[in-house]
Amino acid sequence: MTVTTLFTNGMTISVSGVGYNREGKFTRASEIFDPLSDEHVRKLLEICQLCSNSLLQPETSGKSDWTIVGDPTEGALLVLGEKAGMTHAATLAEFTEVSEISFDSLRKRMTAINLDKSGNLTGFSKGAPEILLPLCTRIFENGQVVPLTDEMRASIVEINAGLAENALRVLSFAYRPLEEEIPDWEPEKTERDLIFVGLIGMIDPPRDEVTGAIAICKLAGIRPIMITGDHKLTARAVAVDVGLIERDGQVISGADIDEMTEQEFADIVHSCNVFARVAPEHKLRIVTALKNGNEVVAMTGDGVNDAPAIKAADVGISMGIRGSDVTKEASDVILTDDNFATIVSAVEKGREIYSNIRKFVRFLLAANFDEVFLIFTIIMLGLPLPITAIQILWLNLATDGFPALALGVDPPETGVMERPPRKPGTKMMDRGMVTFIISAGFVAFLASTTVFLAMLTIYGGFIPGVTGPMVDWHNDISSVTGQSWEYILAHARTAVFASVVSFELLFVWNCRDEYHPVWRTRIRDSKVLMGAVMLSAILTLLTIYLAPLAALFQTMPLNLTDWGFIIVTCIPALLIPPHYIFGHRREKKKNLD
1003 MTVTTLFTNG
1013 MTISVSGVGY
1023 NREGKFTRAS
1033 EIFDPLSDEH
1043 VRKLLEICQL
1053 CSNSLLQPET
1063 SGKSDWTIVG
1073 DPTEGALLVL
1083 GEKAGMTHAA
1093 TLAEFTEVSE
1103 ISFDSLRKRM
1113 TAINLDKSGN
1123 LTGFSKGAPE
1133 ILLPLCTRIF
1143 ENGQVVPLTD
1153 EMRASIVEIN
1163 AGLAENALRV
1173 LSFAYRPLEE
1183 EIPDWEPEKT
1193 ERDLIFVGLI
1203 GMIDPPRDEV
1213 TGAIAICKLA
1223 GIRPIMITGD
1233 HKLTARAVAV
1243 DVGLIERDGQ
1253 VISGADIDEM
1263 TEQEFADIVH
1273 SCNVFARVAP
1283 EHKLRIVTAL
1293 KNGNEVVAMT
1303 GDGVNDAPAI
1313 KAADVGISMG
1323 IRGSDVTKEA
1333 SDVILTDDNF
1343 ATIVSAVEKG
1353 REIYSNIRKF
1363 VRFLLAANFD
1373 EVFLIFTIIM
1383 LGLPLPITAI
1393 QILWLNLATD
1403 GFPALALGVD
1413 PPETGVMERP
1423 PRKPGTKMMD
1433 RGMVTFIISA
1443 GFVAFLASTT
1453 VFLAMLTIYG
1463 GFIPGVTGPM
1473 VDWHNDISSV
1483 TGQSWEYILA
1493 HARTAVFASV
1503 VSFELLFVWN
1513 CRDEYHPVWR
1523 TRIRDSKVLM
1533 GAVMLSAILT
1543 LLTIYLAPLA
1553 ALFQTMPLNL
1563 TDWGFIIVTC
1573 IPALLIPPHY
1583 IFGHRREKKK
1593 NLD
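Residue numbers (this note's numbering): 1003 to 1595.
What the hints contain is simulated information worked out from the structure, not anything from laboratory work. Careful: at least some of the hints might be erroneous.
Stated by the list, open to error - Within a straight-line C-alpha distance of at most 27 angstroms, the following computed BS3-like cross-link-like pairs (lysine-lysine) qualify:
#1 Lys-1330 - Lys-1293
#2 Lys-1330 - Lys-1313
#3 Lys-1425 - Lys-1293
#4 Lys-1351 - Lys-1429
#5 Lys-1045 - Lys-1119
#6 Lys-1293 - Lys-1220
#7 Lys-1351 - Lys-1313
Could you build the full structure based on these sequences and the hints that come with them?
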């Protein structure tokens, strides 16, 4: 937060500098201006320092001259005085605090009652211009206190609007000499007949990454809403600057909300993205109305007044740096860097994790579908198991395991933040997921079954009990090829083992993206998956061609013809169209139409 503009006694004074640093110059009409040479500016700075419950402390990291203990807005006003050469400590030494009428979000003003060394009692006030100006009847101008005319009042309102339209947060300042103490310092009796001194405009510029984060939100189907206590003009200027709304976009104030019926507000809350000059009850009402409209709401905030709305939201997010303890307790998530863009990054990371879980699940379930139905079908044909128990164990632990784990850390799908959010209650095993798993599993089942039956036919001449007579698998010799059926069965089982592995190592690439076919994905980005596939392939070859492992896993060497046949039957693993099965192509076409 940084003060950039002062208005007092008809003068507009610019202030340079950024943040809580003492560097900065005062200029008027592009010429250097000494702020302490003007009594109106001195009075303005005096009120800034007396109407404050915050302190400046030296900053040790070197990023700025001070850190603020208290409210950032008050901190910016104290830094303004330091830039001018009027220290907070020196001003406090000249006065004794008698009482204070504290600021709250409903009153939008505060008053500090102080006694100077001469025994004069004065009330110093600061607050929102539209609140404080109506309480003023006089103005400090040209060194004198004169009546505040309607023309002067209109001019101040115009200056305030101009500052607000430049995205400045504007505060007004006034004072009132008091002849005697007022019982209980009632606001109605204390804050009246004030003498207007001036306006101060300050800026809290959005971080550079906010504009991009808001654009990503819109692309991802997330609707960012700004709720602020600033003036409507300030809120509009900031919202336009960060791309939240267009210049003619709607901005609703707390006063506007109070005038609406429940139905009117329920209708407007689903289209308006900027709310200004709101009180805590308005924030809670906005959150409640959104939730009643079946929206999933995340609410951020830092002050105690934000706690009820944060507690009511589906996801309450408090600020880790500026957030109060009450707000942190009410929240579900604490944002450690107070950066809106971090929330968007967290949403993106959450979508990536969810997407990778779906990849992992559909790969393993489709692979198991193949193995289960392969074994069931072959047994129903009266044939021996097409794959041994130790081979199944190896498939599940090594061949399936490494690619599945790699999918868990795979780069995100293309356009993960270009899709609308999932509807509440959406199941991971949705219709598209189940259809894909069954479709892929069935294709894999056809491939492995074809390989098993083909190997029996090629090396045995027929399929025992199906296309030829039953045989003794341990003792009989094929009458067609002259090879033992024990050898033929072991060869067929090895081919099935190799087929299942080959299909899965091809199919895993089709599990990476449910929105695009495999040939439209960035395969080179999946380096971990490449490594996992290569590792699984090498281990499989070792179990077939390395004699000790071949004996353990009951495999036999396969020739090039066998491998050629296996690869041809497994090619469909790359051709299964996930974008059709999941229905995303139809959704895209519908959106284009």
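- Check each numbered hint against the structure and report the violated ones by number, ascending. Nothing - there is no hint that the structure violates, so all of them hold.
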